[in-house]
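Could you slot chain B onto chain A? The hints should help.
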Amino acid sequence: MNRPTYHLSWRAGRFFQRFLQYSVLIVVAVIVFVPIVMLAFGALKTRGELMAHPYTPPVPPRWENIIAILRTPRYSFWPMLRNSLMVMVTTTAGVLVLCSMAAFVFARMEFRFKGLAFQLFTLGLMFPINIAILPVYFVLRQLVLIDNLWGVIIVQTAFQLSGNIIILRGFFAAIPAELQDAAYIDGCNAFDFFWRILLPLTKPALAAVAALTMIISWNDLLVPLVVINNDKLWPLPLGVMQFQGQYGQDLSLVSAFVALSAIPTIIFYIFAERQIISGLTAGAVKG
Amino acid sequence: MQSLPAIPNIFKLKPGTGAPRKSQDNLMIFLFLLPAIVLFLLFVVYPILQSIYYSLFNWNGFGPAVDFVGLDNFRNILKDRVFLIALRNGFLIIALSLSVQLPLSLILAVLVGRDLPGRVFFRTVFFLPYVLSEVIAALMWLFILNPDPDRGFINAIIIFLGGRAQPWLGSTTLVLPAIFAALTWKYFGYHMLLFMAGLQNIPAEIEEAGRVDGVNTLQNFFYITLPLLSSTIRTSAYISVLGSLQQFILVWIMSKGGPVNASEMMATYMYRFGFVRFQLGYGSAVAIYMFLLCLTFSVIYMHLTRKPDHLSGL
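Chain order of the listed sequences is A and B. By my numbering, the letter at position 62 of the first sequence is numbered 450, and the numbering carries on one by one without gaps. By my numbering, the letter at position 110 of the second sequence is numbered 120, and the numbering carries on one by one without gaps.
The shape of chain A in the complex, shown without the other chains:
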């Protein structure tokens, strides 16, 4: 007789707990969405509609602003997109190549001063680009890399080294030593082992590093802000900031520009969420 009532109250308690959980989570989700939804609303209304009814859903949606930005050369959305893509692809390739090579040496080979060299890279974690930007600017100026996308690429790559070498070293070290022994017995040298066995086996880790680097490079404003003056070389984040400064009064046009610049990130996030998240958690746990 006791058991059913116990069971029932347990179920009721569990139901109540679930209800509470979902209520809190849904409220937070709504708060997260508010700024995003407001931006989307603004982007899909005409200037007049946004003035008259700022908070109503854009029914019917107006695509004029979006089309204007995509079609008007003066707004230079496409050149900015191209600059951003160029920086992102090159930086990501650079980070993948340099970090996987260095991480391989640290994880799999023995040499003098290995500990010291590795410590040097971990020191880089304490010197983030936001603090280093002024000192780095001096060096870029000496190397005549101002107003050059390579300046942005090199600095972004250099400041992604520490974290990613540490992450990849962890993954590379986790490959069993027996595999390396077997490869060497079969006549592989160290490079063969790295290229034919280790890299294919650690693809998920490389994908995580790539996804994370892509996001960081794509979103970076500070480095281009300092390095690039020529408006033909602006990547998207810098372009968005300048666009807001120039057309700030036309809120719906600015909203459309900001929303358009957010779309590539959101699409990428939907497809690469798993990689981004595993890269971030690995970085935090190992770093």
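Simulated from the structure, these hints should not be mistaken for lab results. A virtual CB, placed ideally from N, CA and C, is assigned to each residue, including glycine. One or more of the hints may lead you astray.
[Claimed, not checked] Reference listing, derived: stretches of chain A covered by chain B, where coverage requires no fewer than 3 residues with Cβ under 8 angstroms from a Cβ of chain B:
no., stretch
1, 460-470
2, 543-549
[Claimed, not checked] Here are some chain B residues the structure puts well away from chain A; computed CB gaps all over 10 angstroms:
no., residue
3, Arg98
4, Pro177
5, Ala214
Positioned in the frame of chain A, the structure of chain B alone reads:
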């Protein structure tokens, strides 16, 4: 780790392979490390050293630095009221992050838990702001914080609820809380993610065992989950502290450090002197102060996370 060079000697496949392989290995180590080390030395280490040098000069960035002023820049920074405001704001953001943002993230991570249906959906939504760029986040918040209730959504809600419209970014007292709200919106998902990963590492059996022993949910959280999460909490706090100290883009776009320096941060202060006023020696000294602060927090963090069995090995 393992002694690979021993293998050829054991099997004696090709007599003498040991020596060439060794030098071949050394060549590979050199070539594999070279690009990363060169880039790192040139763009991370060398700038630090160079800015230490420039910080001793009064230098506007044109021509060589000749006006040697010793430690005057460092002294003057500490005398500047605006820098002290920036320092105070930095610590205020740290305090708020540790007392509001982190607990919030932890609670949400626990609420999402291990097996809640819809877990992945909530994680995806909460993490979305982290993925968006700081420029986009700053502009979104700039729009909804607009003081005009016909343009700014937050004031519209406040008026709808019967309150009064606030000036937000235009007010010396509200600007920092408003920026902190935007910061929390952008970054809580990241900390939640770390906590979720930490929770994942706690075996469900431990909490199960607690439940069998009659521990209630709250006790379970405080006496079992929280202590087991301590290393994740430390990591999260460290990341939060370092992030707060170097906050730049969000503040620069939302308030430019104003009004009347009320939201000045160390990074905006440095940017202003370095790239707006071109007092590069002074700006370098600010960078070094920031670097020393980060270094201090890093050393504290390393001491806190050092495991007892590692005491001898740093």
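Now for the hints, and whether the structure bears them out:
Look at the stretch 460-470 of chain A against chain B: 0 of its residues bring a Cβ nearer than 8 angstroms to a Cβ of that chain, fewer than three, so the hint is violated. Chain B is given as covering the stretch 543-549 of chain A, and this holds because 5 residues of the stretch bring a CB closer than 8 angstroms to a CB of that chain, at least three being needed. Even its closest Cβ contact with chain A, about 18 angstroms, leaves B/Arg98 beyond 10 angstroms, as expected for a residue assigned away from the interface. Every beta carbon of chain A lies more than 10 angstroms from that of B/Pro177, the smallest distance being close to 18 angstroms; the non-interface claim holds.
Non-interface call for B/Ala214 relative to chain A: holds, since the shortest CB-CB distance, roughly 16 angstroms, exceeds 10 angstroms.
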